[in-house]
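*Asks:* Each protein sequence line maps, in turn, to chains L and Z.
Be aware that the first sequence starts at 1, since it is given in our numbering, and climbs by one per residue.
Be aware that the second sequence starts at 1001, since it is given in our numbering, and climbs by one per residue.
Among the clues, some could well be false.
[Said to hold, decoys possible] EDC-like cross-link-like pairs, simulated, lysine to aspartate or glutamate; straight-line CA separation at most 16 Å:
id, chain 1, residue 1, chain 2, residue 2
1, Z, Lys1090, L, Asp8
2, Z, Lys1090, Z, Glu1171
3, Z, Lys1095, Z, Glu1179
4, Z, Lys1090, Z, Glu1179
5, L, Lys51, L, Asp36
6, Z, Lys1095, L, Asp8
Since the hints were made in silico from the structure, they are not lab data.
Here the structure is a predicted model, which is why all the values come from computation and not from measurement.
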Amino acid sequence: MSRSRLGDRLLHGYTWLIIIWLSSPIAVMILFGFNDKQSKSNTSWQGFTLKWYAQLFEISDLTVALRNSLLIAVISTVVTVVIGTMLGLALGRHRFRGKGTTNFLVFAAISTPELVMGASLLSLFVSGNVPRATATIIISHVLFSLAFVVVTVRARIVTLDPSLEEAARDLGATAWGTFRQVTLPSIMPGVMAGAMLSFALSIDDYVVTSFVNGSTVTFPLWIVGAVKTGIPAQVNVMGTLIFGIGVVIAVVNAVAVRRRT
Amino acid sequence: MRRLTPYLLALPSWMWLAIFLVVPMAAMASVSLQTGNAIDGYAMTFSFSNYTDALGRYSPQLLRSLLYGGLATAAMLVIGYPVAYWIAFKAGPRKSVYLFLLLLPFFVSFVLRTISWNFLLSDNGILFGTLKAWGLLPADFHVLATTFAVVGGLTYNFLPFMILPIYVALERVDPRVVEAAQDLYATRMGAFRRVVLPLSLPGVFAGVLMTFVPATADPINAQILGGTSNTMIGNIIQTEYLTNLNYPAASALSFTLMAVLLVGIFVYARALGTDNVLEAAAR
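All chains should be built: construct the whole structure from the sequences, respecting the hints.
*Replies:* Okay, structure coming up:
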């Protein structure tokens, strides 16, 4: 075997090592959702059981936290996708005053560390005597997801041929009709990617939420709070289910996109 | 009406970004100069000593954060570059499968992944407990609550953000350029060093930007993997804000952190010869 072929093989093996390293905590999480543990700590393997799946919703405040997270993720995703797609359209299709400033704001929203974003939002809410609750969490989640939706939608729009929209208008379509029947279907992959990204960012967020949550507890907040006393196996099961559903949706979406093109 | 369209489209996002990004920064700037306490309230006194006090007290944690963030970023670059290189040039039609496998961790919550590491690395857990039982490790061996655990956790958590931009840059390199270099008698290493590496620098730049900033400001890895002696600036800011309700000190620290990171980005952009940071980051 020549030296370069050997080098490629080594790099191939190395890539698999990194993939295994990245996936090992996931494997542990899934495995210990099946652990028949007796004590509170979930650190040694004591046999296979499905009881944590059967008792998934036994811990009521954990269930509430998961439900809060899902609700917040759905609402903030809908808001983000609507207003983010609008801004993405404006930036990708139109010339207007303040475009440079808008681009800068979008960049600033992406590059501000989460910690600083959370701290500044809390400063605003404290200064304005705004009570912290579910609403302030949703506001913050829209803020940190917005720029990502704008960027994905804009990236999709600039690859489209504007003459399609002109043709629709020449054929007598109204502005709204053109948008609904021509523009929207062709930017849909970008909108969907933005929606999935913003849902994932929302349901995963700990840092920003920890500043603005008030007394509302989300899934990540509950888990961090439980670290000291021991994480119940139900958390592993919920993590496993979210992982499974997420992977299935991503694969189905990827296959659908490939079919269409 | 048509001329108004872009403004109407942009309006909701403008309002959101103005009210919840720009105004809060101003609010934080104002709070950082106030004095008072949580019970009687705070008043504006233009007290710049908030900054010197906070820095005097917490400069070790700030420096430690920059050090840990820098170490983790360097580790990610060294670990991630070969992976991006192999996938971009050698993975052939299965590129997207490998990319998907690298992204698998993102389907599990950040917090949960970090806790999984805590669990894997625990002193008497499945890994070290077993090795200790076999006598392969001394009984007092531990990784948790060390610098290595925190830097390792940061490296683990942000690695895909380093690999992806480098991959995108390498993917764009035309293989014929490399062949041309080799035809002109460049060695494999020479072709890499003088052709591929320079072309991948924008990706390296974006990768460093996307990992150094969040790694430096991250409170979770230090909290879950670091024990008491590896506190980072993120933990201090959280405690000052949420436990001590010392808003002025916490705001001053947040501002300092952001300023340090911004200065770092600009110095770094200059060093790489990229005058326009925005443009480089947007690519």
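*Asks:* All hints, please: hold or fail.
*Replies:* Tested hints:
This hinted pair checks out: Lys1090 of chain Z and Asp8 of chain L have alpha carbons roughly 7 Å apart, not beyond 16 Å. The suggested pairing of Lys1090 of chain Z with Glu1171 of chain Z holds, with an alpha-carbon distance near 11 Å, which does not exceed 16 Å. Straight-line distance between C-alpha atoms of Lys1095 of chain Z and Glu1179 of chain Z comes to about 21 Å, which puts the hinted pair past the 16 Å bound. As the CA atoms of Lys1090 of chain Z and Glu1179 of chain Z are separated by approximately 15 Å, the hinted pair is consistent with the 16 Å bound.
With a C-alpha separation of about 8 Å, the suggested pair Lys51 of chain L and Asp36 of chain L falls inside the 16 Å cut-off, and the hint holds. Only pairs whose Cα atoms come within 16 Å are accepted, and Lys1095 of chain Z paired with Asp8 of chain L is accepted, the gap being roughly 15 Å.
Comparing the model with each numbered hint stated earlier shows that hint 3 is the single one that does not hold.
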